[in-house]
Amino acid sequence: MGRLLMGIREDIRTVFKKDPAARSTLEVICCYPGLHAIWIHRVSHSLWNKHFYFLARLLSHVSRALTGIEIHPGAKLGRRVFIDHGSGVVIGETAEVGDDVLIYMGVVLGGTALERTKRHPTIENDVVIGSGAAVLGPITVGRGAKIGAGSVVIRPVPAGATVVGVPARIAEPRPPVSTGQLDHDKLPDPGLIVISQVLDRLSRLEDQFKAHEESISGQGKTMEEAALKDEQIYSLLKDVIDPGVGMDIVKLGLVKEVIVDGPNVDVNLVLTTSSCPMIEYFKEQVRRKVLSAGGIEKVNVNILDEPWSWDRHKKQAVR
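In the working numbering, the protein residues as written are 14 to 332.
Be aware that a few hints might be false.
[As the list claims (entries may be wrong)] Here are the simulated lysine-lysine pairs, DSS-like style, with alpha carbons at most 25 Å apart:
id, residue 1, residue 2
1, 296, 251
2, 63, 131
3, 63, 89
I should point out that these hints are in silico values taken from the structure, not numbers from a laboratory.
Could you build all of it, start to finish, from the sequences and the hints given here?
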């Protein structure tokens, strides 16, 4: 009995630790279906281990009706597991969930075989599984891994890795030491990273080809000949593609203005947020494109993170 009470207290402390919305012990006990589902599962799992299969399944079925969470009585759950906003969570018969795992709504730990074998995933300690994610098959998700919301995981996940996408791919093999934050808003996009690297490589090759062509033809421009007008720079910047949408930054209206002062050029870009993961990519691509014309000594790329009138700059946005 003492061990049971100790486990209940531990579960309640876990809720306070992992959900800032929790305000009182009474609220946690009465208003957290994820907690209710785990408590009922412990009883049904005990019945399952004693071969009372029908009673165990019946109790899990009642739990599903009450909480909206379906945990097969054969599944193994560790200590301090927390199912937050648990509606739609499904955990299969041979699934194994370690200690301190955080599971959000709509998560499926599903099987991929019809045989009575190990057909559901093993989730090791300290894993976070985002809303709507599906982990399928007898795979292992390593300790401390993060699974992005909506991901479909069909391959083993190394310890500490972050995976996103359908099918899920490793976005960060070894993220920085955790600060205790979930950082759901900072999940990287591996596809976007690869596309940006390919575009960056293509741009470098174009620059090298152009320099080689000019050296052969002997038609390099002098500084006077290469004094550019802003219209010419806008034309160059049309080669800078936003890999996220597949359009150039001029057509997207990201170029607010271009200021030419002899050999010096300032390019002002407007992005939706200063935390845009592509900022450094855009800066480098803009510098390279403007410098590729020759006769330009310095290019400053400024990021303006503020609202501005699209109508006022419509002419620049459609050049």
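Verification of the hints:
{"no.": "1", "hint": "296 / 251", "result": "14 Å, holds"}
{"no.": "2", "hint": "63 / 131", "result": "20 Å, holds"}
{"no.": "3", "hint": "63 / 89", "result": "14 Å, holds"}
Of the numbered hints stated above, none is contradicted by the structure.
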